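Listed here are the chains, written in short residue letters.
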Amino acid sequence: MSELAPPPLEAVERQNRFVSENLRRIFVQIYRIVGNTADAQDLTQEAFIKALQRQEQLKDEEKATHWLSRIATNTAIDFLRRHGRVTHCEMDAQTESPQESPEDLLLRSEHRDYLEDGLRLLTARERAALMLRDVEGCSAEEVAKQLDCSKATVRSHIANARIKLRRYMAGRKR
Amino acid sequence: MSKHPSEANLALFAGGELSLWRRWGVKRHVAECAACRDAVDEFLALREQASGMAELPDVAWDSMAAEMRANIRLGLEAGECVTERSSPRHLGFSLRGVAACASLAMLLVVSFLIERPAPRVAELKTDDAAVIETSGSGIQVMEGGRSLMLLNAHAHTVDYQASGSAMGARYVDSDTGQVTINNVYVQ
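Residue numbers (the working numbering), protein chains in the order written: chain B, 465 to 638; chain P, 109 to 295.
It is worth saying that the hints were derived from the structure and are not from the lab. None of these values were measured; they are calculated from a predicted model. Heads up, the beta-carbon is just placed ideally off N, CA and C, and yes, glycines get one too. Some hints could be false.
In silico lysine to aspartate or glutamate, EDC-like type, Cα no more than 16 Å apart, as pairs [what the hints assert, rightly or not]:
| id | chain 1 | residue 1 | chain 2 | residue 2 |
| --- | --- | --- | --- | --- |
| 1 | B | K628 | P | E115 |
| 2 | B | K514 | P | E150 |
| 3 | B | K628 | P | E140 |
| 4 | B | K527 | B | E485 |
| 5 | B | K609 | B | E526 |
| 6 | P | K111 | P | E140 |
| 7 | P | K135 | P | D149 |
| 8 | B | K514 | B | D542 |
| 9 | B | K615 | P | E125 |
| 10 | B | K527 | B | E606 |
| 11 | B | K628 | B | E580 |
| 12 | B | K628 | B | D581 |
Computed from the model, here is a short list of chain B residues facing chain P with C-beta under 10 Å [stated by the list, open to error]:
| id | residue |
| --- | --- |
| 13 | E520 |
| 14 | R584 |
| 15 | L594 |
| 16 | V599 |
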């Protein structure tokens, strides 16, 4: 059996640079969809491996970034579909702001907990659409591209997600 | 006051996803309807809360990133090995597949030849309107309302040949094993 030729150093360096430049962004993106760091870590690795195995797609840097985001979103959605769950085990970590009083912090923490509970009610695609739109600030067109669906479908996912969350929050208040 | 917009439209209005025309209609309604205004405010509050989720959880990012980078590199290298080594296996598999397909095709051809049904009726029309008919039980010549028939009720296997103005039948008697050959010529 012939020895495998190692990938050229230049290619490895390019890959490493691509990973470093996008790692945090992709991790956060996946984390927002799956809701916990352990799964987000695994899925981030999976998304990068999938992307880098098709290096011909990475020639155009701007397209590569979009393409990677799309792979990341789909990887996270597939994961949620397979496992049918969203778990939030480490979301209680707080970023403290010096202006916030302990009461404010507590209130914010409570709201966040409610929101996380409410997010469990959403389907994988509703959750992904909501996160991309409301958390990442993507336009409806961008969300549609990432989810590989029409703008009308994205609007429907977003509206459903917001309605479910609103009803859930209203139920909690009662 | 105009008709209440749907909850979905209020949700999309809060996020700025409605088309210009619809947005204008909802905006006008919301300005004069307290209930819908409250709903929009709730959707806006939800959006604001959701945006707070953009924060990265409190994790040791540097070590986690280093671990992920190492795992990605490992995964890529493993992937290259699998891709490289799987090529001959693919070839082996396809050769086996071709061999299996060829065997199957040969089997089908042979079984077709063995089970090929004898022609139930074969007709040979000659210029002077004589008709020769063959069937599993015999051969028959018809001309001008007259007919001549050669039958073999015990025929085991019947082979027919037709050429020009003649037809032949070859029978094997299933009881005796005797072979009978009949040739009929039209004149």
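Hint check results:
1. Using a Cα cut-off of 16 Å, the hinted pair B:K628 and P:E115 holds, with the two alpha carbons roughly 11 Å apart.
2. Between B:K514 and P:E150 the alpha-carbon distance is near 40 Å, which puts this suggested pair outside the 16 Å criterion.
3. Taken as a hint, the B:K628 and P:E140 pair is broken in the structure, with Cα atoms around 25 Å apart against an allowance of 16 Å.
4. Restraint check for B:K527 and B:E485: the C-alpha separation of about 14 Å stays at or below 16 Å, so the hint holds.
5. With a CA separation close to 14 Å, the supplied pair B:K609 and B:E526 stays within the 16 Å bound.
6. Taken as a hint, the P:K111 and P:E140 pair is honoured in the structure, with Cα atoms around 11 Å apart against an allowance of 16 Å.
7. Proposed proximity of P:K135 and P:D149 is supported: the alpha carbons are some 13 Å apart, at most 16 Å.
8. Distance restraint check for B:K514 and B:D542: the Cα-Cα separation of roughly 14 Å lies within the 16 Å cut-off, and the hinted pair is therefore satisfied.
9. At most 16 Å may separate the alpha-carbon atoms for a hinted pair to count; B:K615 and P:E125 meet this at roughly 10 Å.
10. At roughly 12 Å between alpha-carbon atoms, B:K527 and B:E606 fall within 16 Å of each other, so this suggested pair holds.
11. Only pairs whose Cα atoms come within 16 Å are accepted, and B:K628 paired with B:E580 is accepted, the gap being roughly 12 Å.
12. Between the alpha carbons of B:K628 and B:D581 the distance comes to roughly 11 Å, so the proposed pair stays at or under 16 Å and holds.
13. Violation of the interface hint for B:E520 is found here, the shortest Cβ-Cβ separation to chain P being roughly 14 Å, above the 10 Å cut-off.
14. Because the closest C-beta pair between B:R584 and chain P is about 14 Å apart, greater than 10 Å, the hint is violated.
15. For B:L594, the suggested interface contact is upheld, since its CB lies about 7 Å from the closest CB of chain P, less than 10 Å.
16. Interface restraint check: B:V599 against chain P, minimum CB-CB distance 5 Å, threshold 10 Å, status holds.
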